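> If you want the building blocks of each chain, they are given just below.
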Amino acid sequence: MEGVIALYIVMLAAFTGYEVIARVPVILHTPLMSGSNFVHGIVLVGAMVALGRADTLLEQVIGFVGVVLGAGNAVGGYVVTERMLEMFKASGRKKKESA
Amino acid sequence: MPGLLPENVATLAIDFSYLLVAFLFIMGLKAMSSPVTARRGIVVAGIGMLIGTLMSFLYPGMGNFALMLAAIAIGGGLAWWSGRIVAMTDMPQMIALYNGMGGGAAAAIAAVELLRMTSVPADGAVHHGPVVTALAAAGAFIGVVSFSGSLIAFGKLQGLIKRSFRFAGQQAANLLIAAATLALGGWIVVSGHPTLEMVIGFFGLALLLGVTMTLPIGGADMPVVISLYNAFTGLAVAFEGFVLENAAMIIAGIVVGSAGTLLTQLMAKAMNRSLGNVLFSGFGEGPAAEASGVTGALKPIEPSDAGVMMAFAQKVLVVPGYGMAVAQAQHKVWELCQLLIDKGVMVRFAIHPVAGRMPGHMNVLLAEAGVPYDLISDLDEINAEFETADVALVIGANDVVNPVARTDKSSPIYGMPILNADKSRNVLVIKRGQGAGFSGIENHLFYLDNTRMVYGDAQKVAAELIHAVKAAG
Chain A
1 MEGVIALYIV
11 MLAAFTGYEV
21 IARVPVILHT
31 PLMSGSNFVH
41 GIVLVGAMVA
51 LGRADTLLEQ
61 VIGFVGVVLG
71 AGNAVGGYVV
81 TERMLEMFKA
91 SGRKKKESA
Chain B
1 MPGLLPENVA
11 TLAIDFSYLL
21 VAFLFIMGLK
31 AMSSPVTARR
41 GIVVAGIGML
51 IGTLMSFLYP
61 GMGNFALMLA
71 AIAIGGGLAW
81 WSGRIVAMTD
91 MPQMIALYNG
101 MGGGAAAAIA
111 AVELLRMTSV
121 PADGAVHHGP
131 VVTALAAAGA
141 FIGVVSFSGS
151 LIAFGKLQGL
161 IKRSFRFAGQ
171 QAANLLIAAA
181 TLALGGWIVV
191 SGHPTLEMVI
201 GFFGLALLLG
211 VTMTLPIGGA
221 DMPVVISLYN
231 AFTGLAVAFE
241 GFVLENAAMI
251 IAGIVVGSAG
261 TLLTQLMAKA
271 MNRSLGNVLF
281 SGFGEGPAAE
291 ASGVTGALKP
301 IEPSDAGVMM
311 AFAQKVLVVP
321 GYGMAVAQAQ
331 HKVWELCQLL
341 IDKGVMVRFA
351 IHPVAGRMPG
361 HMNVLLAEAG
371 VPYDLISDLD
381 EINAEFETAD
391 VALVIGANDV
401 VNPVARTDKS
411 SPIYGMPILN
421 ADKSRNVLVI
431 KRGQGAGFSG
441 IENHLFYLDN
451 TRMVYGDAQK
461 VAAELIHAVK
471 AAG
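Here the protein sequences come in this chain order: A and B. For what it's worth, our numbering labels the leading residue of the first sequence as 1, then goes sequentially. For what it's worth, our numbering labels the leading residue of the second sequence as 1, then goes sequentially.
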């Protein structure tokens, strides 16, 4: 990948991350931290490539550990985030007395 | 090795799928920042992850598919199982654990790349240029620190590590380890042909650094640290994304890195702590504050009388703390509140940013009990309402309602925003015993004229209050 293009991607992604989170209410801090924790579980994809291209036994072992850890990050992050967010429900009453 | 598809077709398909993955991740995170759409958000991001993972099997030149599937089954299976059974109160340490795994995975990718460089003959072509090597090493450094640091954070919150290890010159020692790690990393990059010993030493030192950095940090500050390591892992993933030329990893990693950094700052701010303060000094390192100028006495009240008081109130504000969650009282408390609401009492939950073990944790615990989120207000929204409240019901909360934070400059919690429970007409405090709170600071709220103490286990007291409210007709 062209170095400069990559830097563009980095800059835009950094702004995106900042803007997406900027106005998050405190009540969602924990689920959101968990959710962003899930998103970097995409590292699984890289670990798969590392294992897929491993030739020596040592590379295979490290790659295997990498995929185990990456899959744990992705799946675990998803399960706990979903469990937390599943519970957020509105009362269904009209919010007539909103502060 | 041939891939599953012709090389150019596979590459194109993967590139486009990663574009979709990045889009779904960003949309998912965006949705997750509002309680109304949050649930949809994680599902959207999950679909992105699934697409990315499936498409990655198509990479040209890959083998070891059996190993790969086995590894996914093991890692994913264990994580699925542990994520399903973990109690909501233990959520912070599970997030730390999964985050550490991500850091470890990023480090593993770097390890494979760096090890491959050791096997290149000295006169052969360099496997990676210095820039890519530096990125791989930087990702390894951050990833490994996040890995071992997160595991220590997990151990501390889980109660496996009880002590905070502090000694004189600790920061100097940490600095020394960090400098040595970076120097070794620099050597690997400059040499272009690292030896196996160099790589092992580099990873070993980084592992050690994560441990020694995290051990002295107290449990109360741990959420901020976990959030910081979360951002670290994001960066490590992005760096390894550069090495593998994987756009999905770069975008997702950087987005998490920047969002995580902001989230860390928000959390630190909510806890009235600066990030530097969290990382480089333990909580309450100075001598414990004396209980200065406590006047009045603790005035107990029977649950039956307390129940009547609430049954005839117009407005009740509930201030839950971690003590309520420990006693598993949130279901009973919500039952009590529903009774009051049916009687026409206006009930709100007032949540301090640090109620629970990390910002937002208490909201999750209340949501688990079925409390709708529109009855839950945070500090800024609700604080003015205490003045018009008939009863402030404080359950297992302590420091977050201590008026000392407003008045006593010598107190360690001075300046921390608190819930103004003391301003309401009556204050009911449900508390297990007469001891001081988490920080060991005497709570002046408990001694006020309008405060009554209800002693007992929060769950049992809540049951008795329900009984009393029902009896009040």
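Read the hints as simulated data drawn from the structure, not as lab findings. There's no promise every hint is true.
[Unchecked claim] The list that follows gives simulated cross-link-like pairs (lysine-lysine, DSS-like), each with its CA atoms no further than 30 Å apart:
no. : chain 1 : residue 1 : chain 2 : residue 2
1   : B       : K409      : B       : K299
2   : B       : K423      : B       : K460
3   : A       : K89       : B       : K315
4   : B       : K162      : B       : K315
5   : B       : K470      : A       : K89
6   : B       : K30       : A       : K89
7   : A       : K89       : B       : K460
[What the hints assert, rightly or not] To give an idea of the interface, some chain B residues facing chain A are shown, with a C-beta separation under 7 Å as derived from the structure:
no. : residue
8   : G52
9   : N246
10  : H361
This one's a predicted model, so the numbers in the text were calculated from it and none came from an experiment. Where is the CB? At the ideal position from N, CA and C, for every residue including glycine.
> Confirm or reject each hint.
A quick look at each hint next to the structure:
no.: 1; hint: B:K409 <-> B:K299; in the structure: holds (27 Å)
no.: 2; hint: B:K423 <-> B:K460; in the structure: holds (27 Å)
no.: 3; hint: A:K89 <-> B:K315; in the structure: holds (23 Å)
no.: 4; hint: B:K162 <-> B:K315; in the structure: violated (42 Å)
no.: 5; hint: B:K470 <-> A:K89; in the structure: holds (27 Å)
no.: 6; hint: B:K30 <-> A:K89; in the structure: holds (18 Å)
no.: 7; hint: A:K89 <-> B:K460; in the structure: holds (27 Å)
no.: 8; hint: G52; in the structure: holds (5 Å)
no.: 9; hint: N246; in the structure: holds (6 Å)
no.: 10; hint: H361; in the structure: holds (5 Å)
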